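From first to last, the protein sequence lines are chains A and B. Count along the first sequence from 1, add 6, and you get the number used in this note's numbering. Count along the second sequence from 1, add 6, and you get the number used in this note's numbering.
The reader is advised that the hints may include incorrect statements.
[Said to hold, decoys possible] Computed list of lysine-lysine pairs in DSS-like fashion (alpha-carbon distance at most 30 angstroms, straight line):
id	chain 1	residue 1	chain 2	residue 2
1	B	K108	A	K16
2	B	K87	A	K12
3	A	K65	B	K45
4	A	K45	B	K16
5	B	K41	A	K65
6	B	K12	A	K12
7	B	K87	A	K45
[As the list claims (entries may be wrong)] Now the stretches of chain B that chain A is said to cover, found in silico as 3 or more residues with beta-carbon under 8 angstroms:
id	region
8	30-44
9	54-65
Just so you know, the hints here were simulated from the structure itself, not pulled from any lab data. Keep in mind that this is a model prediction, so the values were computed, not measured. Just so you know, even glycine gets a beta-carbon here, dropped at the ideal spot from N, CA and C.
Protein chains: 2
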Amino acid sequence: MITFTKPLAKLIEHFERFPGIGPRTAQRLALYILKQPEKTIKDFSQSLLEAHNNVGQCKSCFNLTSELECEICRNPDRDQKLICVVAETKDLLALERAREYKGHYHVIGGLISPMDSIGPELLEIKSLVERVSKNEINEIILALTPSVEGDTTSLYIAKLLSPFTKVTRIAYGLPMGSELEYVDEVTLARALEGRTDIL
Amino acid sequence: MITFTKPLAKLIEHFERFPGIGPRTAQRLALYILKQPEKTIKDFSQSLLEAHNNVGQCKSCFNLTSELECEICRNPDRDQKLICVVAETKDLLALERAREYKGHYHVIGGLISPMDSIGPELLEIKSLVERVSKNEINEIILALTPSVEGDTTSLYIAKLLSPFTKVTRIAYGLPMGSELEYVDEVTLARALEGRTDIL
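Use the sequences and the hints to build the structure in full.
If you want it as structure tokens, here you go:
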């Protein structure tokens, strides 16, 4: 097997540590870097440090921001009496792409998972309870992944928040465009369980 | 659509310019960066600049190296009378992964493509002819992609080098494990054309 010249090997190693980047993609990215003009690489390197140093968490909802509060929390057009609870920023982004939700968020930073020693104290749940108890909130929508960890976390939060406000969770069911025949049993069972009136 | 906080948006833009990286992957990579310890990001940033500044081309074969000559050219165990011509470093890497070839290389840096205004003078073909005319070479193996551009380039090089030495090209045919039924017509025609004696 060929061994790369040292600075190149080191760069490939860095890329390999990225999520979803295998050895072949890492090689391709590193070779791409070598072909770029020096300015591009300096800018990229600068941008990495800048983003890392300047982007932090919103003080209310823990979304990413370089200000004290994130853009969503500062937007007066969004309903601040509605909070959607998500595990990670990427889930918030997915919901924003759907362009359906116009309320605020609370990013708890993960899911309760005893197997990975992640208890509720490691998540932004305390801050959520505080936020809900101190403000007038009409509804909390839980948008966590349908899994053991997601359901556990939803249940845990629902118990804590139901004294203060209405708590709902997003629907589980058939994905749009799916063929009933190929949908897995668990999803089908959940879809049946969650059936709603048509008229 | 959500707009990212500026330093994050800039970083995502950088990642999006990478080959094979779409907007979603770029977001994922940028979010990954934000989660890393500062040291990792500093090291990565350093590694980018180092690789970019220190890795250049081998003076004999134009492979990537941080020395004057690449590791393959410096390796006394490799047959220097055998040169395999490839378009890009990534093709050289693919051949090295096959662990079959033990000669030297010549990376010409692309393929002749009048459509993209790439003429032979933009490629390392002159240096190849010089190398072949000045050294005792037993065989030149052309390993360029089977395409109009690849074939044109192979033919061009073969005409220039055949006065000096034997010129061959790697075989075109059925890929291992393929089902005859699903192989495209052009490949099948090439495979028939290139048939060899069994015994």
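Here is what the structure says about each hint:
1. K108/B / K16/A: Holds, because 25 angstroms separates the two Cα atoms, which is no more than 30 angstroms.
2. K87/B / K12/A: holds (27 angstroms)
3. K65/A / K45/B: holds (25 angstroms)
4. K45/A / K16/B: Status holds; Cα separation ~15 angstroms.
5. K41/B / K65/A: holds (17 angstroms)
6. K12/B / K12/A: violated (34 angstroms)
7. K87/B / K45/A: Given pair K87/B, K45/A is violated - Cα atoms ~40 angstroms apart, limit 30 angstroms.
8. 30-44: holds (count 11)
9. 54-65: With 8 residues closer than 8 angstroms to chain A, the region 54-65 of chain B meets the three-residue bar; holds.
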